[in-house]
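Given the coordinates of chain A, assemble chain B onto it according to the supplied hints.
The listed protein sequences correspond, in order, to chains A and B.
Be aware that the first sequence starts at 1, since it is given in the working numbering, and climbs by one per residue.
Be aware that the second sequence starts at 1, since it is given in the working numbering, and climbs by one per residue.
Hints are supplied without guarantee of correctness; some may be wrong.
[Unchecked claim] These stretches of chain B come out as covered by chain A in the derived footprint (C-beta under 8 Å, 3 or more residues):
(1) 24-30
(2) 105-114
(3) 126-134
(4) 258-271
In short, the hints are calculated from the structure, not lab data.
Since the structure is predicted, the reported quantities are computational estimates derived from the model, not experimental observations.
Beta carbons are placed, not taken as given, at the ideal position from N, Cα and C, and that holds for glycine.
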Amino acid sequence: MKPILEVQHITKQFKIGAKQERYLSLRDAIAKPFRRQDKNDTTFYALNDVSFDVYPGESVGIIGRNGAGKSTLLKILSKITPPTHGKIICRGRVASLLEVGTGFHPELSGRENIYMNGSILGMRKFEIDKHFDAIVEFSGVEKFLDTPLKRFSSGMQLRLAFSVAAFLEPEILIIDEVLAVGDAAFQKKCLGKMDEVSKSGRTVLFVSHDMNAIEQLCKRVVILEKGQKISEGATQTLISNYLSSNKDQWLGEIALTEEIQLSHFDFHSIVESTGSHLQFQIRLDFIKAQSPEISDFCILIYSLKGVRVAVIDLRPFINKFVFDNKHLEINGFLEDINLVEEDYAIGLYFTINNISKEMLDLGHVRVKPPLAETELNPYQAQYRGFIDFSNNIKIS
Amino acid sequence: MIEYEIKPQNKFSIGLKELWQYRELFYFFTWRDVKVKYKQAALGILWAVLQPLVMMVMFTLIFSRALKVSSDGIPYPVFALSGLLIWNIFSNGLLNSANSMVTNANIIKKIYFPRLIIPMSAILTALVDFFFALIIYLFVIIYYHQNVSILKLLVYLPLGILITIVTTFGLGTFLAALNVKFRDFQYLIPFLIQFLLFANPVLYSSKAFTNPLINGIMKANPIASAIQLCRSVFTGQQVDWQSVMLGSIVAILLLIMGVFTFRKTEAYFADLA
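If we strip away everything but chain A, and leave its shape as in the complex, we get:
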């Protein structure tokens, strides 16, 4: 069987310069021949020699941190931007849900937007006619069909948008982070629909931070890191390897403000199970040697769907932070993590020298399911929310 998608040595490079903005102006273009070549111009590889095949009927997940090149790859696959080198052979119609609701117009009614959006996404009018009732039903906005879109709540808009997209019938469907849409019930509906799509023999390329969704939908994943494919294989093993290796992959230094750099952010990314300890180590580098004035310092824990689960307020411990020769080190651990097994994203919030900043997605933590100690089987994670109180219960 021939692959339905053959991605061959795809490279995309951008020129980034200190001075060159993304908007060119005529003045710059005219003046360019008279100016010395800007030495700050550097070539940036958003994707570097990425190759993989996708076979018909497969659901393949693409994982990577921010800036790994996922979005660029999807843009090339959906022909929005051309690759610099390499080629992709497609054996089927590709439709992408790079962002749902593209082409929605606030002045048009719900009904009109279904037609507009559907046709931009590549549906023919008769196809939209055929699915119209199902789309409306799926979105649950029947009552507002003839209301201008601008009167819709943002949740309703997203639901309508997703519903149109859900009824596309391409051979290859590209999905990017759409599951962050709507309330939990609707998300579940969407996951169900995705599952149905992939089971109906269509090929799905799925890009998401949501490891759970990827695990549910994809048998195989491709992992991208800094524009390169670092591994490819079965979902289960790769995802757990990926999450556990995340701490080794902390290579980059992140500029938090002009003066402060985050040089080390280490969470033991696997917590053995609910109730065990979570160690962490954070190091910040400062440009100035003088002791910084820290007024806020919190560790943020998010669910992978972006819900804030907890704030670990470290303000009472600021005096214990070690500042030495431009480095600030914070070492510690959280006792008795009573989080339900799930993957969590870790971020930081701080105010240092009167500059506040919130950084998300600095690392991931996976909490493994508890070892079965009791006779009762625990409920499934999805029903248990985020926090597990089973060790704190006292019945008098």
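Okay, now just chain B, sitting in the frame of chain A:
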């Protein structure tokens, strides 16, 4: 089964096959633009009729009553409106299409479809307005007892519209492509249109020019020949076919230039927009 390749673009093609595949989008984009344009106006689509009418009254007062501009012995409203019909397709179409890639940037950055559909639909939107204006014009014709030859209406007018569309499309795609790269054009285009309004025999007779050089340029001006054809339908004026020929050739050259520039640069619109 469809099989195609995605790779760096190097060969030039207009992509007609793909345009045909996506033909319904022409309709949807045009429909959306017409709909949105008049949606929040209390008078709605009536504006499509009122706009040329108000322009006609305004220009009649200024050019005919105040300045006594010659209109070749034809009632000035009839004369001016015949020019304005064509002019409005051109000016609205050019303005819409030149800005179309920027105004639709959010769509371009997310979904692929043949990009030429966007500037083309922008012109079709202007054409819809034209048909509304044509209705009001027929009333003006009846009011002034002008003789209209049906044969001319069915041949000259479509030919004039065709020349206008080809010209507008050529210039529109050219400017749309440049506008994505250099936003300066957003500010330049209104001036260009204003200049062209006075440089074209919309509000005055083409016989007003006496300079042979300007006359030569006018002969090759596609918009002037389109106006000539349209005017001939409603006023019975003679058509200078040599000028129409020249104008058509220029229109086609503009089309080639525009589409070529557009297709050459469109792959990078999503990176720039």
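Hints and how they fare:
| no. | hint | verdict |
| --- | --- | --- |
| 1 | 24-30 | holds (count 3) |
| 2 | 105-114 | holds (count 8) |
| 3 | 126-134 | violated (count 0) |
| 4 | 258-271 | holds (count 4) |
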